[in-house]
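The whole structure should be built from the sequences, with the hints applied where relevant.
Take UniProt numbering: the final residue in the sequence shown is number 192, and no numbers are missing along the way.
Everything labelled a hint here was simulated from the structure, so no lab data went into it. All C-beta atoms in this analysis are idealised placements derived from N, C-alpha and C, irrespective of residue type, glycine included. Don't take every hint at face value.
What the hints assert, rightly or not - Label-pair restraints from in silico Cβ distances:
1. Asn161 with Gln72: 53 to 61 angstroms
2. Asp40 with Cys130: 42 to 50 angstroms
3. Val92 with Pro150: 27 to 35 angstroms
4. Ala14 with Thr118: 34 to 42 angstroms
5. Arg38 with Thr118: 26 to 34 angstroms
6. Arg158 with Gly45: 35 to 43 angstroms
7. His131 with Val13: 17 to 25 angstroms
8. Met33 with His74: 17 to 25 angstroms
9. Thr118 with Val92: 34 to 42 angstroms
10. Arg165 with Thr118: 38 to 46 angstroms
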Amino acid sequence: MKVTDDSSPLCPVARALTCVGDSWTLLILRDAMQGARRFDEFQRGLGIASSMLTRRLERMVSNELLEKRCYQRHPPRYEYHLTAKGHDLAPVILTLYRWGEQHLPIEADGFRLVDRRTQGPVEPILYDRCHDRPLSPGDVCLAPGPDANPAVHARVERMRNAFERGDFPDSQPAAARADCRAAMAASDSINE
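If you want it as structure tokens, here you go:
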């Protein structure tokens, strides 16, 4: 998928998707986080064609999500290790796991996400360190940055209108909307 709107280069989500925006990449990352290192481990675990896996691994190495390390010289054989950049996608994988469990349940109980130490169930959440609280979509809004172009301003305005209509779930809608309006107004005055 090629994203071409005017705000794409400025949008962190669009930039991230150019790096990890297909299911094979995320599944390879999942398997790497679960200990897979070698080509045959990824291929066996995913059932992916070798040509497809080769292309994905090469792209992931060039995007610095994985690091290729030689483990045998004759003939040359390589392992793929997560980089810090790849490791930082763990919350995305955990959040997708939770979303899949919640919205796409099946009767079979093949996997459970548990705490490594206690073996008790865990439920990943999005957490705001700045305000020391769980974060939901209704808690955030977009504000244009100093380099915002007209497409960014239009996107921010669209979100502002959706927020005003109440399109975002929020436990404290009036207070949150007021906070969001104040943040966007402050940002607008900085950018003028």
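- Task: May I ask you to test the hint 17 to 25 angstroms on the CB atoms belonging to His131 and Val13?
- Result: For Val13 against His131, whose Cβ atoms are near 21 angstroms apart, the range 17 to 25 angstroms holds.
- Task: Confirm or reject the claim that Asn161 and Gln72 have a C-beta distance inside 53 to 61 angstroms.
- Result: holds (59 angstroms)
- Query: Can the suggested window of 42 to 50 angstroms be confirmed for the beta-carbon pair Asp40 and Cys130?
  - Reply: Holds, since Asp40 and Cys130 (Cβ atoms, about 44 angstroms apart) stay within the stated range.
- Holds or violated: 17 to 25 angstroms for the Cβ distance of Met33 and His74? Roughly 31 angstroms apart at Cβ, these two residues miss the hinted range, so it is violated.
- Query: When you take the CB atoms of Arg38 and Thr118, is the distance between them in 26 to 34 angstroms?
  - Reply: Given range 26 to 34 angstroms: holds, Cβ gap about 31 angstroms.
- Task: Take a look at whether the Cβ-Cβ distance between Val92 and Pro150 falls inside 27 to 35 angstroms.
- Result: holds (30 angstroms)
- Is the gap between the beta carbons of Arg165 and Thr118 within 38 to 46 angstroms? Given about 43 angstroms between the Cβ atoms, the range holds.
- Message: Assuming the hint says 34 to 42 angstroms, is it satisfied by the Cβ distance from Thr118 to Val92 or not?
- Response: violated (24 angstroms)
- Query: Taking the CB of Ala14 and the CB of Thr118, does the distance hold inside 34 to 42 angstroms?
  - Reply: This hint holds: roughly 39 angstroms between Cβ atoms.
- Task: Starting from the hint 35 to 43 angstroms, judge whether the C-beta atoms of Arg158 and Gly45 obey it.
- Result: At 41 angstroms between Cβs, range holds.
In this structure, the hints that do not hold are numbers 8, 9, in rising order.
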